[in-house]
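Engineer: Now for the letters of each chain:
2 protein chains.
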Amino acid sequence: MEEKEISQAVIGRLPRYYRYLGDLKAAHVERISSQELSELMNVTASQIRQDFNNFGGFGQQGYGYNVDYLHEEIGKLLGLNTDHHLIIIGAGNLGQALANYVNFEKRGFIVKGIFDINPALYGKQLRGIQVKPMEEVIDFVDQNDIDIVVLTIPKNGAVDVTGQLVKHGVKAIWNFAHVDLDVPEDVIVENVHLSDSLMKLSYKINRRKREENGGKNKSVR
Amino acid sequence: MEEKEISQAVIGRLPRYYRYLGDLKAAHVERISSQELSELMNVTASQIRQDFNNFGGFGQQGYGYNVDYLHEEIGKLLGLNTDHHLIIIGAGNLGQALANYVNFEKRGFIVKGIFDINPALYGKQLRGIQVKPMEEVIDFVDQNDIDIVVLTIPKNGAVDVTGQLVKHGVKAIWNFAHVDLDVPEDVIVENVHLSDSLMKLSYKINRRKREENGGKNKSVR
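Taken in order, these protein sequences are the chains called A and B.
If you're matching positions, the first sequence starts at 2 in my numbering and goes up one per residue.
If you're matching positions, the second sequence starts at 2 in my numbering and goes up one per residue.
Just so you know, not all the hints are guaranteed correct.
If several chains are the same, the list does not tell them apart, and a pair holds so long as it fits within one copy or across any two.
Under the rule of at most 20 Å between Cα atoms (straight-line distance), these lysine to any residue pairs were calculated in the SDA-like manner [stated by the list, open to error]:
{"no.": "1", "residue 1": "K168", "residue 2": "V188"}
{"no.": "2", "residue 1": "K125", "residue 2": "N94"}
{"no.": "3", "residue 1": "K205", "residue 2": "H194"}
{"no.": "4", "residue 1": "K77", "residue 2": "V11"}
{"no.": "5", "residue 1": "K205", "residue 2": "V184"}
{"no.": "6", "residue 1": "K125", "residue 2": "G93"}
{"no.": "7", "residue 1": "K172", "residue 2": "V184"}
{"no.": "8", "residue 1": "K107", "residue 2": "H179"}
{"no.": "9", "residue 1": "K156", "residue 2": "Y21"}
{"no.": "10", "residue 1": "K210", "residue 2": "E191"}
{"no.": "11", "residue 1": "K172", "residue 2": "Q9"}
{"no.": "12", "residue 1": "K172", "residue 2": "R211"}
{"no.": "13", "residue 1": "K172", "residue 2": "K205"}
{"no.": "14", "residue 1": "K26", "residue 2": "G60"}
{"no.": "15", "residue 1": "K210", "residue 2": "I7"}
Since the hints were made in silico from the structure, they are not lab data.
Just chain A, same shape as in the assembly:
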């Protein structure tokens, strides 16, 4: 049975649906129409229906959707019904922030190991896990069932260790390093380029300024 190819845009919207449905569930809402969900989420009802149709539609639309069911089904699509084992490479502020983020664990993302090159951090406890020397990461990956590697180290280190990790069977990387990793096709990389995000914000601020100045800035026609 071939699965339909789902567009990146649809995939990108699934976590947001999941988030809103979780809030609705917490507020004890039992059913919701695509129109109501549309107003809440500020997207069109037709986009919601189209998105859901990629996955079979999730139930009758006349009646509205069953919130519990929809939340659970989208959660299953997102792989949240099984645990994922993570290791974090880089125990700096960002690595520590991610290690300490309780909600990840609640959703089944369990941190199994944390590694750093800085000896001052060895043995430091983050949510009950001791930071280990970077030299041990490959052995650790070989000996444990690790689903996701989180990279919170500078780009040169990230490129080097990615090559090693991939050779040792790592298939999914959550990459915070400021570089696009070059990996074989069967390795999944999800990037969080914080600088890119900040620059997008800055672009929009700058564009607003140009508009306010009525196009006086010559660099943009």
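Chain B: place on chain A using the hints.
Structural biologist: Relative to the frame of chain A, chain B by itself:
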């Protein structure tokens, strides 16, 4: 003079161009063709030309692009030729990670203040800036020229403080809180929803598993 409406997708790609051009510049590459850039960045040459045409094209294509010039022009579009003053609300691990990120400052994103509700953090120095009590943030915004507010606090707090900030003239928010902020149209919000990103990764892992199992997972038709 009306500026052409640039699509979100194009805007989203600009920081990546800027990043690659910065690397090329550091490697003393003087000119590059759209074809070469295309191979380096793993996008089509025609997409590069189309993207650049939104901004006037950036010079002759037969010759290739002048790397320095292109880097600078895209930098200007991204607003990197002027400083931006930031405050960070939330001095936990993530706020500290962002405060300590040297590259932001290099690009003109200058942290002017850091605020938290936790008294244990008051007075703590982050890159020479003392963490201040949350109660002082609105006065600080009133008395200083702040371009961007970075929110690294939980969602309830984020919603509350956003209302206040907007009333006091804040026009751009870099939002790490796990919520979509409801702001007036002239306020720019750039979201970094880390959980959404992790769930996208998890979706892809899950899809690969289903494909390997040949569609045995009943939850997906």
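Engineer: Are the CA atoms of K172 and R211 at most 20 Å apart within a copy, between copies, both, or neither?
Structural biologist: between (44 Å within a copy, 15 Å between copies)
Engineer: Classify it for me, K107 with H179: is the Cα-Cα distance of at most 20 Å met within a copy, between copies, both or neither?
Structural biologist: Between. Shortest inter-copy distance 15 Å satisfies the 20 Å Cα cut-off; intra-copy 28 Å does not.
Engineer: At most 20 Å between C-alpha atoms: does K210 with I7 qualify within a copy, between copies, both, or neither?
Structural biologist: Answer is between; shortest inter-copy Cα gap is 15 Å, intra-copy 38 Å.
Engineer: Using 20 Å as the alpha carbon limit, work out where K168 and V188 are close: within a copy, between copies, both or neither.
Structural biologist: within (11 Å within a copy, 46 Å between copies)
Engineer: For K205 vs V184, is the C-alpha pair at or below 20 Å within one copy, between two copies, both, or neither?
Structural biologist: between (32 Å within a copy, 15 Å between copies)
Engineer: How would you label the pair K125, N94 (within, between, both, or neither) given a Cα cut-off of 20 Å?
Structural biologist: So K125 and N94 pass the 20 Å test inside a copy (13 Å) and across (15 Å) alike.
Engineer: Between K172 and Q9, at a C-alpha cutoff of 20 Å, which is it: within one copy, between copies, both, or neither?
Structural biologist: Answer is within; shortest intra-copy Cα gap is 19 Å, inter-copy 30 Å.
Engineer: Give the relationship of K210 and E191 under a CA distance limit of 20 Å: within one copy only, between copies only, both, or neither.
Structural biologist: between (32 Å within a copy, 17 Å between copies)
Engineer: At most 20 Å between C-alpha atoms: does K77 with V11 qualify within a copy, between copies, both, or neither?
Structural biologist: within (15 Å within a copy, 32 Å between copies)
Engineer: Measure nothing new, just compare the shortest in-copy and cross-copy C-alpha distances for K172 and V184 to 20 Å and report within, between, both or neither.
Structural biologist: Within one copy only: 9 Å inside, 39 Å across.
Engineer: Please sort K156 with Y21 into within, between, both or neither, judging by C-alpha distance up to 20 Å.
Structural biologist: Answer is between: at 13 Å across copies they meet the 20 Å cutoff, but 34 Å inside does not.
Engineer: State whether the alpha carbon distance between K172 and K205 is at most 20 Å within one copy, between copies, both, or neither.
Structural biologist: between (35 Å within a copy, 11 Å between copies)
Comparing the model with each numbered hint stated earlier shows that all of them hold.
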